[in-house]
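Join these two chains into a complex; the hints should help.
Protein sequence lines, in the order shown, are assigned to chains A and B. The first sequence lines up with residues 1 to 761 when you count with my numbering. The second sequence lines up with residues 1001 to 1664 when you count with my numbering.
Be careful, since some hints might not be right.
What the hints assert, rightly or not - A short, non-exhaustive set of chain B residues, derived as facing chain A with CB atoms under 8 Å:
no.	residue
1	Asp1152
2	Arg1153
3	Arg1286
4	Ser1381
What the hints assert, rightly or not - Pulled from the structure, derived: some chain A residues nowhere near chain B, Cβ distances all over 12 Å:
no.	residue
5	Gly76
6	Pro107
7	Gly218
8	Gln320
9	Ala392
10	Gly474
11	Pro491
12	Pro531
13	Pro544
14	Asn620
15	Ser660
16	Pro737
17	Asp746
Keep in mind that the hints were calculated from the coordinates and are not lab data. Every residue gets a Cβ at the ideal spot worked out from N, C-alpha and C, and that includes glycine.
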Amino acid sequence: MNVMLAPDYFRFSEVFAPILPRFAALWVLWLGASACLAGSAPAEPTVSFVNEVQPVLTKMGCNSGGCHGKATGQNGFKLSLFGFEADEDYEHLVYEQRGRRLVPSAPARSLLLTKGAAIVPHGGGRRLEPGTPGYETLQKWIAQGMPNDIEDPKRPKLESIRVLPESRLMKAGESQALKVEARFSDGRTVDVTPYATMELNSKGMAQLDEASSVLTMGTRAGSVTAMVRYQDRVASFRASLPFGVPVSQLPAERNLVDTAIFKRLKEVGLPPSAVCGDSMFLRRVTLDIASRLPTAEEARKFAADTASDKRARWVEFLLQSDDYADTFANYWSGLMRNRRGDLPLTLSPAHIHGNFAFHSWIRESLYKNKPYDRFVRELLTASGESADAPAATWYRQLDSMLKQTEDTAQLFLGARIQCAQCHHHPYEQWSQRDYYALGAYFAQVERKVSTSRMSEFTVSLKRTLPEAIHKKTGEKVPPGAFGSVAPPLGPDDDARVALADWMTDKANPFFAKALVNRYWKILFNRGLVDPEDDMRDTNPPSHPELLDALAADFVRSGFDLKQLVRTLVNSSAYQLDSTPNAHNADDEQYFSRRYARRLSAEQLADALNSVTGAEDAWANQPLPTRAIQLPDNSYNSVGLLREFGRPDATTACTCERQGSASLGQSLFLATSGEISAKINAGNGTAAKLAADTKRSVEERIEELYLRAYARKPTEKEIVTGCEYVDKVSSKAGLVAPATAVGAWQDLLWALTTSGEFLLNR
Amino acid sequence: MRLFSGCSRSLPFSGLGRLLVFCGILFTPKLHAQLPDPRLTVVTPAGARKGETVSLVVTGTNLAAAELRFSNSQISAVVDEKDPLKFSVTVPASVPPGLYEVRAAGKHGVSNSRRFEVSALPEVAASEKANKPEDSQELALPCIVYGSMKRDRMLWFKVSGVKGRPLVADCRASVLDSKMEALLVLRDADGRELARSRGKPLTWTPAADAPLFLTLRDFITAGGPEYFYRLHVGSPAEVPPLQLRAPLLPWPLPPASTPEKEPNDPAHATKLALPAQIQGEFYPERDADAFEFDAKKGEPIWMEVVSHRAGAPTHARLVIEPVLKDKAAGVALPEPVVIDEAPFFLGDVDFNGEHFDPIGSFTPKEDGTYRVVLRDINNGSVPSHDRRYVLSLRKASPDFALVCAALLPTPNTQFKGTSGSLLQVRGTGILPGQVFALRVLALRKDGFDGAIELCADKLPPGVVVEPSVIGPGQSEGVLLIKVAADAKPWAGAIRLFGTADVGGAALKHEMRMRIPLWEVTGAELIDAPRVRFSEEIVLAILENPVCPTLLQAGAGPVEGTVGDKVKIPVSFQRSTAEQAPLKVKPIGIVGVEKLKEIDIPGTGGKVEYELDLAPLKLVPGNYSVCFRGTDKLKYEANGKPAEAPVVIYSNPVLLKLKEAPSKK
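Looking at chain B on its own, in the form it has when it is part of the complex (with noise of 0.2 Å):
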């Protein structure tokens, strides 16, 4: 029986807005096999042109009996009877041009996502024999050719050029989750080089009709299935700039309601009202953009920039001091307040998210008025209109973002500050009665330090978000959910979300999650691994085998003091004859995954777990702590008897910590 033929074909992908939680339990290569689990590698090809059906192959592992899912359920596939890897997808006409996601879907579960596009152009696969100028392959344009780059190979392409007509070349790899960083070059028939572009569309006005030779190669020229690509070559107007739809940013800002005027130096700075958002750029070289503004002693003002972020090549640093009107001789001026940085750190494997956009608070001594001067660092010789920025000035709007990843079992000490030792794509595929974790990291605006608790909505029958909460300050936490050991199989997208009373209003925010897209082991590690945002969270339950493990923490609420010990009862059960300990240790909280592991004996006993929470520094407040251990799962597979490990997760335990006595 198909896994999904309970399910409706068009699974409910809505499409846009939907968060997909990619369920992945890692696992170091150190441990023993696992369980299979579908993982899609390429699918080829990355796209298709809209109102057309196109023969698609997958490559990965486990995909046999798969189905395929795209995040558009217009789009549709219907497997080969003949060979499980190749299927006929159809797009309708309409289907818009962009980018989607397209998942396997089988009896081990669904599969990490990979990016489709969706075109309006004619299609053409790329010629592997065009190594030579003389064996260029000539494009009727506009087109997109497709293929996988080779290692060590450039292609030609000839086109014609037309006086005065600008072309386009967009050659999309990264985009589509490939390995690939295009570097295009342009030549004329005599071979003079043109114009050339890394990582970005090439773009080039004839002078004359006459032929053009377009190269293509990797950047270093590395090559391999995962190099797959997606050349658009065409007028400006048939080759847009790609539009994104997963948001970058944690928290929409307001859109921009001053533009920039120049002058705006330091010695005429623009007056503003706040709160003001401010649309400018960072031109030409050394520009720098000064603004003034009334404030009150005591009142802070936020301040932040999103340059960095939105993919402009900046440093912005802000520098604030007061105006003074009549500087008295011999009156040493105040310092001024300097943010060159962002108050959260997001660089590590799972989110890759740092940044050099300044975001902080500064709080006037004294009322007055005040200049914020804005420069970008990197702006020293070069000019250039792709220094975009928008600069925000308001008062505190404490707020929140959440951004879930699949949680690594085991700290990773090879980066600093990342989670995981090694980064691995996993399809997901949860047993019945199993509890699952994911990692949730906290970004958190202007200053808001409280509490979020974390939820769930349009869960299958069977599974439930155990209760748990991001204590105070607390920059990540662990959602837990939980299948029940008699849920159905099912797959399908959830919303996670999570909650926080800020300022005496309840705030609730939709989760999205970062995906890892390469597997990272050993020579990767010295690149920071490719993330990106997904735009969906799918679970997937499986039929069988049910896990064996049930491990469970505390009876209700854990209270204690901050800095002091709390002791929380820890036992686990299981459903076969296996009398090994659990070892088990607690996450959830920031620092303690460096606390003592300890041994659940297997005869279903328990243990009271210390947990010394000096080390934590924590604030008093609400935390959640749950435990994890690793145990092991018999089941068949082809018929044959096999085992693989399978991490357990506890509920969630509700610390309520209160204020240490003072000493007196």
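For reference, chain A alone in the conformation it holds in the complex (with noise of 0.2 Å):
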């Protein structure tokens, strides 16, 4: 017999009950007649609520954010976000309304079918075709009745999908037509192609045709991400389209970073520009480890240094100073929102005890080299005044179990979890549940007022069990994250203590790669997977080798990041001419050559009064302070600090810092009196070289050139410098060996006006 009528779907509403009675003869008879044809026909397997009819409304768009699985529903129809809530989506189907949407006894009259199929006025459209496979699933369901297996231990689960094939080398235009195939928990493999939903990862590559689920190259060379769902399982295919040169030269391997980025450069033809020459590489390593330039006597020494170890000498040497510190300080400092400006006014700087405390104590933990996997120890577990354990200053910004909750996994895990706190997650599979099993490490801790400034607080533990409660079902949640479940811990114990062992733990499959993903990001301007703090398996790494290896290696060091920044930069990849050769100008995805970028906010800050000879007085901050030792956000209401967009400490994401150039940008170097007064400054680098009479101007333009780009000038820069000096000077009634304080000037402002100045190439 037909599962039919079931009983839950017959509700003794107001409706029905008063004529029951008159109908209860006709529904027994009717019960009757239909187990007589039923007993005659062939069983007809139950359509699966959660299995079939919840991945045909997906498919079609249905419960897409932009549709009915929006918070708040389209047209008074809501489903759960790509029908991550079964439970929920049954009953608005079902019951809402009376039931109004589903018609057992004449399935095609249902609203469900006939909106979908635009058979009567729909505002999304035509989703469902009559005849179609998912058309058919819908109305079958609905003639039997509406069948509920949601919570049915029979019901096979889905464990797992994948997309065949995973990845293939394509040429342009050629198709490949994706097979999806989902695991159920009965053992059964099951093709699942017309159900999964699919989508790209960047348009312009590639194209998706949904409806076949094939995917057609593009002519543009490089790779593209096709992501696939289907319920709350998440897979990718990657389509590579090799620009197909011969790569019959590379660059000696000095280690694993090479070895996986030549081996995919063969892989894909693309042939990488060649090593860069020493002065780029001086700059280039000077600014990443220690952002700042070279001086003239550095580049002087590190041109004539014939030794073959030198780059590597230079880097070990930049990475024991005081700047190394500073720079990845500064760095840290903002992604754990170190700032000021939050409380009124008037007790705003009271802050400053606190932040400045919280920024020395990152900038000791780097510059003493502590390891990676005890710093977030020391920081995630952080407890008292900030006076005592200034990394507890960290929980100051981060007030709620939620901040704390998506702050740790996006600096820490590569996760951006933000969406989980309210659905599943979209592109990944981490479920409500894992969002809120991930914050129960944080819902002990409290925050009292300290007993020694009064706006500040102390970081303590309430004496309860770990728990968060979910948001929806209000479910008491213990700790558990991304598939780990914590041990038993009671109320004397500290859950982050378990939370930073989980972490830290040498097996952690998230720990390290996010780590070494967001320094590989500092370093060569992109991430294996970028962003760098969106690593998922819908957006998978270019190098996912490189990444394991990268990350095995970074956990056998001990997570030492110095180790760190020396592999990476001692690599022939890192050190490749930002020039492009004839064929990989286009490259974004294969650093077949150095990606250049703008010099920071701070950067340029400091390389512009290093250059000029300016000095800059930072509130608070002894004199000399350079702008990338600045511990807070306070000081970005100068012009060119905030111009250059130096962030404000108000997210934990790299994204906050405005790293592309814009018109204001070029507006504030061409005219803002900050520049001016730099350029100008009667005791600065032009007043000295047009007061230097000893010297040529020959030496002079060069001593300029190694300042701003530590190279020395072409002969051609130098006739063109000269000539310039000499008609300024001439103008200005000057005769050699006198020279014009304004031709200095003029010299130091293109030369910092420059595209080689202003980039890190």
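Spelled out as structure tokens, the structure:
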């Protein structure tokens, strides 16, 4: 007998109860007739609501965020986003509005189908085609009386999906049909291709026909990923269009970085640029590690050094310097939201002590090369007053479990799980429960007013079981994270310690990878996974083996950050020239050349000062203090730092820093009083060069180029410079060896507003 | 005539053990110009080497014609003939190194105190030109470098490091009452940072004979005359840790008799016989120390941890539960008792004594063996031997301690639980005929909730302490000192006490005084104000003018019932022709300051103040209440007539409250 007219469908509501006696007899008669008919026909498999109906709705886009899946639903009909909440969807479909959407006695007349097929007006257009498998599935389900197998223990549970093929080298214009297989708990592997949703991560490189699940490659060389989702599982397919150029010459393979990078370049047929010259390397690595320009003296010495290991020695020198600690302290301090300004203005200055202490703690940890796992452990488990435990300042800005959860995941696990606070993550396997399980580690954290600074907090722990309340179900969720389960924790345990134990475990699949990817991004200007804090199955790395190898190497080194930087910058891949060759100008994925980027706001401020001889005085900082050493965001009102996008430390995302160029920046460089003051400073470089009559004009021009570009000027540049100085000096009525200070100011301005100066190439 | 000409130059400052009453009458800045009082802001230098004479300059207000008084009477000061703010200070060689206090005493009274350090090391002034490494000031060790840090400035010092010989650099600033929070950084000759320390001594042992560079600045590069410092540099023997004289705790604990013995985790708890004082440390991270003891049903055991109050960065928590030898299946375990707070609150403007040491009692519900587990909530991941503690387990030994401070005229509306809107540092200058008040905080130990009577000793002629009492269970009260209109000018130290019947025994304890160090106005409110214990209580009576107003309250004890209303007659007299009414309101019982103010007509009349006891929620017993108002004082300043407000206090009125009759 068919499963129909299930008791839960037939609610004896106020509509039916009064008239039930009249229809009771008819109903019984009908049941009997159905039973007889059913008994004579072969049994039809029951349509699964979870495994079949919902995927159809997802495939058709019914439950997308732009339609019925948004928080408020659409036109009175709401579904959960991408069908992540099956019980809610069943409730809305079957019972809402007295079940008017579905007509089991005449399924084709159900609103679900008539609207979906646009037989009746439908704002979402035609989503279903009668006769297609999706339509047939829905119709059959309705005809069967809308069976509900959500809680059915016999229902096969989806365990995983995979896309076939997983990756492929393709040709321009070539198509590849994708097949999506789902593995269920009953051991079956089912082709769910018609019900899987697919989306490209880069629209310009290929086209994807969702109806036929066929990907057609474009003409641009590179890689593109199709993100595939079925129910709450995700997978991806990567297609690569080789460049197809023979790769016959490669730089020396110095370490595992080069091995992986060059291997991939050979695979995709993309010859890399050559290894850069000494001056480019010197300037680049000094900016990257120390956030400063090399001095003229350093540039001369480096150029004159003929030792084969001079680059490695220079790297070592930088790593042991204060500047390294300043650079990376600046980086981490911003991401850890070390900021002032959230209190009323009268109280805001109070955070200065906590902020300075927090920055100092970060800096000292880096300077002493504290292992990264210990650094994170001390941060996560910090308790007490900021004067005694500076790392506890982190919890001042992260004043809720939600923020603590999201920042921890984003900073240290490379996962943006903000979406999962309210629903299953749309592009990742993390559910809402996962979100609260991670949050449960912070459930005991509380903040009390400091005993020494009334505007500060002291971080303390409540004596309670670490549990987070699930926002939707009200369930008390114990700690666990990303597939792991915490050990039993009592009210006297600090659950954050258990979190730190899990995160820093050598086998943790996220922690080391997130960090090496982050540092790769810092030094190579693009992550192996990009954005670097959005690592998910549907955003796969460009070089997965390299990411794994770097992570393993990092763990083996004892989470040694300096060693990681050493490995990265000593590679030939890092030292490739930024100048493209005939083939790799468009490369944005394979690291066949250096990806140049603009100097950061702090680097630019310091670089300008070092070249112009100016000095900035910063509030609450001794002289001299460089911009890279500034401990928090309170200095961002200054023109240059603001204009060039120094972040305000309001998020844990590096995207808060503005790295792109803008018209405002160009105008600032050209017209601002701040820049003029630096160049025209009475005791600045221009004035000193003008007064220096002991050296020739050529020698002085050479010094300027060495300071600005870490290289000597070309012959043409010397000639141009000398001619200009002579011209301006003559016009000013000066006779050699006297030179006009204005000439040097102009030269300074020209050098410091050039692309070569503004970019870290 | 100098105010203190009749006084021996060696005022009775006998040094340790004396308490100093800071008789400051504090006004809010909203009020008019006040009577001049001497205020000492900075003494430069803030110390001297014993056996030497130094030139010392004081800055402040109303210090003209003042003498300097040190808390060690051996230290003497002679004023410069040409500059009344300059003194030649001699520290005999017999004066032990350490911290003392200095005050300026003159015709306006006695100033607030400032710390003065006596050392045994050579001293040298810091060079203001040492702002760059190449201009470093070279130091011959051991030595003390002293100065005032300028804003946005950093100073460089060069010392010779000797291989294997530890070097200590201890910049004493806040302990000298300075606003500075020192940041020390030690570098090698290449500029590489070797060590740094904020607010604490820096210690480093060189690995080779080589020059070392030490930088010093304020942590947030603030600066100014108030940012004075004394940087001690030398070996550990030459720069020993500073010992502070003034005790930190309200009552002394018996010496720790039981050192902690590991392992003592909950599975290996140490068995104790009560009472016990255990000395231990929270080490390593997440250390849990467990102790077992036998207890009887209904007999409370008091537990107290001293750790945070002693300067450790801890937040201790005690968890007590029974040790069940035979755990019956299915029987729910009793909820553990948790003690992680102290019963009294000391965090406000005057005292700033808030801490994280747990103090509480545990009363067993059954005879048996119990286990107390002690943890430090802050001890998550960074092991440190700084996390020391003393754990006291004892039967109730009720007691009390008293801490006094100047009484502010209006309640603070900007700090939670504080007593003043702004903190002012004032000198002492009490008018003849005036009554002045001190706020007295009662710290009650082990559940003692009896009344505490306040009294004094060593008062000069013409000065009496009006009998007053801190009522049962009350956390504070008011002490009133009355100066007769014909009292002679005087300055000296006095002693104030509290007595109480504690379980049949008469206990008497001396008060200590908390004094503010710096003015708190505006933006400074964001930080907990700086206060400390003073070594002595100094009283100063001026020669003139005589206080014109006498406020009187009550005519003997007033009897009443808790929760009811009582009427207290209040009147005042003026020695001038002024007719303006006087507004008064009651003070002296917690919560009474919220009650209404009333006017007393200026014709010498009296009013009856109806004191509503219901909102005060008192228990039967004796209480003291008095009244406060502000009147005008006319006097002569530099030969010209002047006017200033003067706060007037009445005598205390004894309230005898009995139980409310039970409702049938």
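These are the hints, each one checked on the structure:
Given the 8 Å rule on beta carbons, the hint for aspartate 1152 of chain B holds: about 6 Å separates it from the nearest Cβ of chain A. Taking 8 Å as the C-beta cut-off, the interface hint given for arginine 1153 of chain B holds, the closest approach to chain A being about 6 Å. Satisfaction of the interface hint for arginine 1286 of chain B is found here, the shortest Cβ-Cβ separation to chain A being roughly 7 Å, below the 8 Å cut-off. For serine 1381 of chain B, the interface hint holds, since its Cβ comes within 8 Å of a Cβ in chain A; the closest pair sits about 4 Å apart.
Here glycine 76 of chain A stays apart from chain B, with its beta-carbon at least about 50 Å from theirs, past the 12 Å limit. No beta-carbon of chain B comes within 12 Å of the beta-carbon of proline 107 of chain A; the shortest separation is about 55 Å. The Cβ of glycine 218 of chain A sits about 51 Å from the closest Cβ of chain B, beyond the 12 Å cut-off, so the non-interface label holds. Once the 12 Å rule is applied to beta carbons, glutamine 320 of chain A is inconsistent with being away from chain B; the minimum gap is 7 Å.
With a least CB separation of 9 Å from chain B, alanine 392 of chain A falls inside the 12 Å interface cut-off, contrary to its annotation. With a closest Cβ-Cβ approach of about 24 Å to chain B, glycine 474 of chain A is found to remain outside the 12 Å limit, as its non-interface label requires. Proline 491 of chain A, annotated as away from the interface, has a beta carbon of chain B within 12 Å; the closest lies near 9 Å. No beta-carbon of chain B is positioned within 12 Å of the beta-carbon of proline 531 of chain A; the least distance is around 30 Å.
Proline 544 of chain A, annotated as away from the interface, keeps every beta carbon of chain B farther than 12 Å; the closest lies near 33 Å. Listed as outside the interface, asparagine 620 of chain A is inconsistent with that label: its C-beta sits roughly 5 Å from the nearest C-beta of chain B, within the 12 Å cut-off. Here serine 660 of chain A stays apart from chain B, with its beta-carbon at least about 34 Å from theirs, past the 12 Å limit. Residue placement check: proline 737 of chain A keeps its beta carbon more than 12 Å from all beta carbons of chain B (closest about 30 Å).
Residue-level check passed: aspartate 746 of chain A sits 31 Å from the nearest beta carbon of chain B, beyond 12 Å.
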